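Asker: Protein chains in written order, with full-length UniProt numbering: chain E, 1 to 126; chain Z, 1 to 126.
Keep in mind the hints are simulated off the structure, nothing from the lab. Hints may be right or wrong, so weigh each one.
Intra- or inter-copy, both count: the list cannot distinguish identical chains.
[Stated by the list, open to error] Only pairs whose alpha carbons sit at most 27 Å apart, straight line, appear in this in silico DSS-like list of lysine-lysine:
| no. | residue 1 | residue 2 |
| --- | --- | --- |
| 1 | LYS32 | LYS79 |
| 2 | LYS54 | LYS79 |
| 3 | LYS79 | LYS61 |
| 4 | LYS61 | LYS32 |
Since this is a predicted model, take the numbers as computed values, not measurements.
Each chain is listed here by its residues.
2 protein chains.
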Amino acid sequence: MVTKQLNASTDEADLTRADSLAREIFSDVANKWAFLIIESLGAGTLRFSELRDKVEGISHKMLTQNLRMLERNGLVDRKVHPTVPPRVEYTLTEPGQALRATVDGMCDWTHRFFGHIEASRHRFDG
Amino acid sequence: MVTKQLNASTDEADLTRADSLAREIFSDVANKWAFLIIESLGAGTLRFSELRDKVEGISHKMLTQNLRMLERNGLVDRKVHPTVPPRVEYTLTEPGQALRATVDGMCDWTHRFFGHIEASRHRFDG
DNA sequence: CAGTATCCAATCCGATACTG
DNA sequence: CAGTATCGGATTGGATACTG
Chain E
1 MVTKQLNAST
11 DEADLTRADS
21 LAREIFSDVA
31 NKWAFLIIES
41 LGAGTLRFSE
51 LRDKVEGISH
61 KMLTQNLRML
71 ERNGLVDRKV
81 HPTVPPRVEY
91 TLTEPGQALR
101 ATVDGMCDWT
111 HRFFGHIEAS
121 RHRFDG
Chain Z
1 MVTKQLNAST
11 DEADLTRADS
21 LAREIFSDVA
31 NKWAFLIIES
41 LGAGTLRFSE
51 LRDKVEGISH
61 KMLTQNLRML
71 ERNGLVDRKV
81 HPTVPPRVEY
91 TLTEPGQALR
101 ATVDGMCDWT
111 HRFFGHIEAS
121 RHRFDG
């Protein structure tokens with residue numbers, strides 16, 4: 001389980017609660033859109049529309065939905081400028097930046113084993 | 001995009017193809033069940049039923065589905081022992097092991113920022 | 001034991017329309 | 001511009017039954 005090393009509490013019930021919460025966080029964040037958004041925000045602050053352009057293929061709806069989720073979990077900071085038309089900027093927080101390292105790692109992994117994976121798919125499919 | 005550093009080819013069409021393939025791999029693998037399976041296989045080889053017990057909450061169907069996907073992408077090796085009843089063992093390949101480092105990173109991240117995230121959620125929900 | 005196939009509910013997600 | 005709400009089709013995923 002994700003929290004097997006989280007042993008601050010010795011209370012059984014608390015451990016279970018913490019466990020399910022950790023699992024929830026994990027399930028929230030471990031999805032492709034969240035990862036691609038985090039990757040895009042890595043370079044710095046972006047507006048909603050800039051993000052939509054940068055994360056190719058994402059729909060308006062998925063972008064808002066995932067941004068809310070990331071904001072709720074404290075990975076991105078949402079700053080609204082009270083201008084007209086409104087300007088909303090998204091920035092990675094410290095936890096968000098920390099997770100970016102992981103996401104970067106996965107991108108590197110994709111490049112590194114690209115050929116290997118492609119070959120494996122051919123073998124499997126044929 | 002995920003493959004922005006993948007520049008072995010100078011051909012535009014190939015780059016596009018590689019890009020979409022990289023995105024496909026990324027989308028395949030960046031999901032919670034795949035991550036939890038990889039994490040579970042980190043300690044070593046496991047049978048199908050052992051995996052189902054270890055990855056709590058996963059259904060029979062999701063486990064087979066994700067194992068096939070991981071096998072296709074060359075992250076896990078599937079070894080069938082022709083006994084009766086059958087014995088099937090799953091092991092991480094080199095690319096699988098490499099990705100495990102990334103997944104481990106995410107687990108560490110969850111523990112490290114657990115309190116931060118919990119607090120952020122409270123702030124957001126209230 | 002491991003795996004496939006099927007059914008059906010839950011959810012995901014895109015398109016569209018509407019608001020401040 | 002950024003966001004919410006809604007609808008309906010597509011996909012996901014669990015439960016169950018069946019096979020070698």
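Asker: I want to check one pair: LYS61 and LYS32. Are their C-alpha atoms no more than 27 Å apart within a copy, between two copies, both, or neither?
Answerer: Both. Shortest intra-copy (15 Å) and inter-copy (21 Å) distances satisfy the 27 Å Cα cut-off.
Asker: With 27 Å as the alpha-carbon cut-off, assign the pair LYS54 and LYS79 to within, between, both or neither.
Answerer: within (19 Å within a copy, 41 Å between copies)
Asker: Have a look at LYS79 and LYS61 and pick one of within, between, both or neither, based on CA distance no larger than 27 Å.
Answerer: within (19 Å within a copy, 42 Å between copies)
Asker: Is it within a copy, between copies, both, or neither that the alpha carbon of LYS32 lies no farther than 27 Å from that of LYS79?
Answerer: within (24 Å within a copy, 29 Å between copies)
Checked against the numbered hints above, the structure violates none of them.
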